[in-house]
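Q: Please put together the full structure from these sequences, using the hints given.
Taken in sequence, the protein lines are chains A and B.
In terms of the numbering used here, the first sequence is residues 1 to 175.
In terms of the numbering used here, the second sequence is residues 1 to 132.
Don't read these hints as lab results, they were simulated from the structure.
Glycine included, C-beta positions come from ideal geometry on N, C-alpha and C.
Mixed in with the good hints, there may be bad ones.
Derived list of chain A stretches under chain B, where covered just means 3 residues or more per stretch with a C-beta under 8 Å from a C-beta of chain B [what the hints assert, rightly or not]: (1) 2-13; (2) 24-38.
In silico EDC-like links for lysine to aspartate or glutamate, alpha-carbon gap of 16 Å or less [unchecked claim]: (3) LYS67(B) with GLU3(A); (4) LYS65(B) with GLU124(A); (5) LYS65(B) with GLU53(B); (6) LYS54(B) with GLU124(A); (7) LYS65(B) with GLU47(B); (8) LYS130(A) with GLU53(B); (9) LYS69(A) with GLU124(A).
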Amino acid sequence: MNELLTGAVTGIIFGFFMQKAQVIRYDRQLGALRLRDMTIVKFMLTTVLIAMVGIYLLLDLGLINLSVKSLSLGGNVLGGLIFGIGWGIVGYCPATAMGALGEGRYDSAFGLLGMLVGAAVYAEFYPVLKGSVLMWGDFGKVTLPGVLGINHWIVIVVLCAAFVVLFRWFERKGL
Amino acid sequence: MDVLRRKTWSPYAAGALAGLLLVLSIFVTGKYFGASTTFVRAAGLVEQAVAPEKASGMEYFLKTKIKVDWQFMFVVGVLLGALASARLSKESRAVAVPSMWSRRFGTSRVKRWVAGFLGGIVLMFGARLAGG
Numbered sequence: 001m002n003e004l005l006t007g008a009v010t011g012i013i014f015g016f017f018m019q020k021a022q023v024i025r026y027d028r029q030l031g032a033l034r035l036r037d038m039t040i041v042k043f044m045l046t047t048v049l050i051a052m053v054g055i056y057l058l059l060d061l062g063l064i065n066l067s068v069k070s071l072s073l074g075g076n077v078l079g080g081l082i083f084g085i086g087w088g089i090v091g092y093c094p095a096t097a098m099g100a101l102g103e104g105r106y107d108s109a110f111g112l113l114g115m116l117v118g119a120a121v122y123a124e125f126y127p128v129l130k131g132s133v134l135m136w137g138d139f140g141k142v143t144l145p146g147v148l149g150i151n152h153w154i155v156i157v158v159l160c161a162a163f164v165v166l167f168r169w170f171e172r173k174g175l
Numbered sequence: 001m002d003v004l005r006r007k008t009w010s011p012y013a014a015g016a017l018a019g020l021l022l023v024l025s026i027f028v029t030g031k032y033f034g035a036s037t038t039f040v041r042a043a044g045l046v047e048q049a050v051a052p053e054k055a056s057g058m059e060y061f062l063k064t065k066i067k068v069d070w071q072f073m074f075v076v077g078v079l080l081g082a083l084a085s086a087r088l089s090k091e092s093r094a095v096a097v098p099s100m101w102s103r104r105f106g107t108s109r110v111k112r113w114v115a116g117f118l119g120g121i122v123l124m125f126g127a128r129l130a131g132g
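A: Laid out in structure tokens, this is it:
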């Protein structure tokens, strides 16, 4: 099937799910950052939980390949901190900003314009960053089971249990 | 299809469905979900139109080719899917300033829009630096 068509269809279904879960709203995203409303955390961790099991099942069957990103402490930590500041101000992450626009929350359009500019700025600085920040603590393409040297299903079971404990706690606290 | 018209689904149910969608996507097309790379490609498209020589010489665009690809359409699709869902449940409405923002920072549209724009720049620079 055409790559552009599958991309659009997958995006439409994903956007539909995100709207139904109300995770594309500013109030929900800020609610999570203010530790008052864990709706988006429930959505994200459930997605991770299901996908983690499904992906490793298919991997063990030899049906798919993993797509592992490099671990660069400089890039991940510094980038994460900068991203967090921006996210707290915009109140939407890139994909949810598109969803919010679809819902009619058009303040996200200004966030999206800023994101385009931010992407262009990053492209300008990339040659400098490549030789500096991105090289700090560069561990290459590593995975948790690989680093720990244990079977991936142990990691998966532990994480699933941790998520479930967290979900129960959210529900008890009414978050 | 009453369930499609419901105002909201449990975040656990919607999240689980999103997880299944991701697994299916990887199985069928080998594609993992992402959004940020599309913003660089879109910025590249603009630069290509405005200053083609500059864009073609930039190291970043040699690594990340300027093109409309699977992820680009995925990101566009998210907008359309959210629009369809909001329409079906009659939740679609024009909101200029989110309520939590206005309770803290007031109802000024310009203030919200400028903050959103500037925050967007910071957010995407950080996201790309972190590899997201």
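Q: Does each hint fit the structure? Answer for all of them.
A: How the hints compare with the structure:
1. 2-13: This one holds; 11 residues, not fewer than the three required, reach chain B with a Cβ under 8 Å.
2. 24-38: That given contact holds, which follows from 6 residues of the region 24-38 of chain A lying within Cβ reach (below 8 Å) of chain B.
3. LYS67(B) with GLU3(A): holds, 13 Å
4. LYS65(B) with GLU124(A): Roughly 15 Å between the alpha carbons, so the hint for LYS65(B) and GLU124(A) holds.
5. LYS65(B) with GLU53(B): Given pair LYS65(B), GLU53(B) holds - Cα atoms ~15 Å apart, limit 16 Å.
6. LYS54(B) with GLU124(A): Answer holds: LYS54(B) to GLU124(A) is near 11 Å, not above 16 Å.
7. LYS65(B) with GLU47(B): Holds: LYS65(B) and GLU47(B) sit about 13 Å apart, inside 16 Å.
8. LYS130(A) with GLU53(B): violated, 22 Å
9. LYS69(A) with GLU124(A): At roughly 22 Å apart (the allowed maximum being 16 Å), GLU124(A) and LYS69(A) break the hint.
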